[in-house]
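Protein chains: 2
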Amino acid sequence: MIISESTLRTFTQNIFLSMGCSEEHAQLAADVLIRSDMRGIDSHGVARLSGYVRLWEKKRINPTPNITIVHETPTTATVDGDAGLGLVVAPFAMKIAIEKAKTYGSGWVAVRNSNHFGISGYHALMAVEQDMIGYAMTNASPLVAPTFSNERMLGTNPMCYAFPAGNYPPVVVDMATSAAANGKLEIAQRAGKAVPEGWIQSADGSFTTDPHALKTGGSLLPLGSNREHGSHKGFGLSATVDILSAVLSGANYGPWVPPFVSFLDPPNDPVGLGIGHFLGAMRVDGFRPVDEFKSNMDNWISRFKSASKIDPGQGVIIPGEPELEAEKERAVSGIPLVDAVVADLNELADRFGIEKIQ
Amino acid sequence: MIISESTLRTFTQNIFLSMGCSEEHAQLAADVLIRSDMRGIDSHGVARLSGYVRLWEKKRINPTPNITIVHETPTTATVDGDAGLGLVVAPFAMKIAIEKAKTYGSGWVAVRNSNHFGISGYHALMAVEQDMIGYAMTNASPLVAPTFSNERMLGTNPMCYAFPAGNYPPVVVDMATSAAANGKLEIAQRAGKAVPEGWIQSADGSFTTDPHALKTGGSLLPLGSNREHGSHKGFGLSATVDILSAVLSGANYGPWVPPFVSFLDPPNDPVGLGIGHFLGAMRVDGFRPVDEFKSNMDNWISRFKSASKIDPGQGVIIPGEPELEAEKERAVSGIPLVDAVVADLNELADRFGIEKIQ
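Chains as they are written, first to last, in our numbering: chain S, 46 to 403; chain C, 46 to 403.
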């Protein structure tokens with residue numbers, strides 16, 4: 046079915062309100078999820094709403110968190126999310142980074158005791174609106190094995206850089222540090238299709254094309270897929286996200302990161318609090334005048350868009366461009382939801398006694 | 046041949062002195078190159094010395110630069126390298142980042158009008174010595190094609206994060222954002238061996254295993270190798286390095302980056318000055334006490350080292366570990382140089398009338 050942005054937004058807010066979130070938090074959390082659906086990142090939007098509810102039912106998400114700064118210098122801070130929704134905690138932290146950047150040129154905030162924060166791009170783009178460069182990353186449930194290992198030690202640990210441009214839209218590099226995001230695997234699972242070699246390995250560490258291999262002890266592979274093609278680099282990037290997000294903040298890292306799925310309990314020997322994020326903002330005019338930067342960004346984008354093509358029908362895609370295209374299109378045509386997600390949302394409606402989506 | 050660190054260091058300093066560098070700059074530039082050889086990154090050490098000399102002969106490297114800060118806030122700065130050696134300019138900029146971090150928690154410096162800066166790890170590790178997290182990247186001569194293009198638009202654009210640990214050595218993620226570094230290609234060229242599919246493409250955009258394909262219009266591929274395996278992520282990372290290093294600083298970016306090889310002239314329509322770097326430092330105790338961070342880093346490292354192995358003979362490699370192993374070994378056994386590099390260095394000795402290496 047196709048649903049309008051506003052209908053889905055109201056529905057989502059009502060679910061968060063039913064969990065006991067404040068009006069402000071419900072609006073913000075819904076905004077992060079809806080923005081993901083609008084940008085075509087369906088795996089991170091309302092498809093995850095029931096996941097948040099189940100974590101709340103298990104008392105692993107606190108709907109009324111007292112989010113606090115626990116450590117600080119003029120340009121750095123550590124925030125404790127009080128087990129709140131990452132959808133709310135991360136924007137809180139990004140606002141601190143932006144305020145610090147306004148005064149001192151840059152601001153960097155490590156977050157502990159949080160939960161999944163939705164799409165990195167949402168948070169990084171908050172900085173771009175202030176003519177700043179935005180930076181957002183989070184660790185996540187362990188699904189990815191380091192090079193030479195068959196053990197799930199890391200999440201798909203996304204990192205995002207967002208840069209303002211002038212006439213062009215912002216450049217948004219928002220990527221899982223694994224070869225394939227978990228969402229792509231789920232699509233193959235639902236379709237019963239094989240996945241390309243290099244996305245996952247089976248329990249014995251050999252490549253497999255079975256999208257269900259994670260259920261039998263398999264693991265996702267880091268970006269690069271194998272050592273020969275640079276999987277140690279994907280591992281290094283994922284490690285960087287894990288260290289900045291969690292070792293620096295005091296959150297759980299590596300295999301200790303609590304799973305997003307509520308049917309798996311968090312490890313009983315935590316090394317920190319909740320999951321971790323890392324957010325940053327740098328004022329463009331801390332380096333050069335904004336108009337100079339933006340006109341050079343426009344030149345950068347236009348030159349890359351005109352790079353010679355292998356297939357005449359497919360030019361270079363500027364990072365962030367497909368998401369913006371989706372956002373424009375869905376603003377007009379609405380958000381498509383697959384049947385499984387509609388059923389999932391309507392179960393939540395039943396659960397909380399609110400109106401179903403049609 | 047095998048040569049001792051001190052002999053090679055003195056030789057290298059003498060070459061830089063012969064170019065007209067000050068004693069201080071010659072020592073520093075030699076230190077960066079020798080550190081690369083010591084760490085086993087032979088492609089970025091004295092093997093490049095003659096390259097720097099040839100750029101100096103073409104007056105593209107200024108041996109007596111007046112390196113200046115051209116723009117600044119409490120935690121950000123832009124440095125103009127005055128066409129100096131990147132080996133000297135980058136440490137200058139990193140010192141500024143570290144000083145800013147001491148006062149404000151973090152420091153970030155974009156650099157324009159520079160030249161190749163050697164290994165990123167050298168600069169990032171300067172911060173680690175101060176119990177800071179170090180960050181270093183540079184753009185480079187265009188050799189890499191973006192996803193869907195067969196045009197060389199980006200360098201191998203390395204990025205480095207370095208983190209202090211406690212009992213373990215620092216974690217140093219130092220990586221080209223291409224599937225394979227150019228140095229690996231050169232090794233295959235010398236050995237006349239095919240390279241794995243996914244490293245390079247020929248002029249028509251198809252995978253090739255010919256290590257010489259770059260000479261006939263081919264290009265290196267971004268980390269991920271092709272779209273299906275995430276090359277758009279490698280492209281996004283490389284773009285990030287290019288934008289932070291050059292669009293932010295006012296250096297040349299993308300296909301306008303001046304080539305490292307002196308026989309190719311820089312584009313005659315520059316969009317900035319020289320090549321660009323980006324360096325940063327964040328105080329660990331800007332986020333949590335240093336001892337807490339370091340003991341958690343040790344726990345992170347030890348847990349990853351004990352991750353289950355696919356091949357019982359090969360455990361997970363912590364980023365930075367192989368380089369440190371090389372450094373320890375070469376401190377005892379000396380630095381191995383291939384014949385071509387020895388011949389190259391002795392030609393320089395002839396050129397400047399200094400003593401040859403034996």
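Note that these hints are calculated values from the structure, not bench results.
Some clues are possibly wrong.
[Unchecked claim] Below, simulated BS3-like cross-link-like pairs (lysine-lysine); rule was C-alpha separation at most 30 Å, straight line:
| hint | chain 1 | residue 1 | chain 2 | residue 2 |
| --- | --- | --- | --- | --- |
| 1 | S | Lys350 | S | Lys373 |
| 2 | C | Lys229 | S | Lys354 |
| 3 | C | Lys140 | S | Lys354 |
| 4 | S | Lys147 | C | Lys103 |
| 5 | S | Lys140 | C | Lys339 |
| 6 | S | Lys260 | C | Lys354 |
| 7 | S | Lys260 | S | Lys104 |
| 8 | S | Lys147 | C | Lys238 |
| 9 | S | Lys229 | S | Lys260 |
| 10 | S | Lys354 | C | Lys238 |
| 11 | C | Lys229 | C | Lys339 |
| 12 | C | Lys373 | S | Lys229 |
| 13 | C | Lys103 | C | Lys339 |
| 14 | S | Lys238 | C | Lys354 |
| 15 | C | Lys354 | S | Lys350 |
[Stated by the list, open to error] Covered by chain C, according to a simulated footprint, are these stretches of chain S (three or more residues, beta-carbon under 8 Å):
| hint | segment |
| --- | --- |
| 16 | 50 to 62 |
| 17 | 86 to 92 |
| 18 | 266 to 276 |
| 19 | 326 to 335 |
| 20 | 353 to 360 |
| 21 | 387 to 395 |
[As the list claims (entries may be wrong)] So these bits of chain S aren't anywhere near chain C, every CB distance computed over 12 Å:
| hint | residue |
| --- | --- |
| 22 | Ala146 |
| 23 | Ser151 |
| 24 | Phe308 |
| 25 | Pro311 |
| 26 | Lys350 |
| 27 | Pro381 |
| 28 | Ile399 |
| 29 | Ile402 |
None of the values given here were measured: they were computed from a predicted structure.
Ideal Cβ placement from N, Cα and C applies to all residues, glycine included.
Check your understanding: When the hints from earlier in the document are held up against this structure, which numbers fail?
Key -> Failing hints, ascending: 3, 4, 8, 11, 12, 13, 15, 16, 17, 21, 22, 23, 26.
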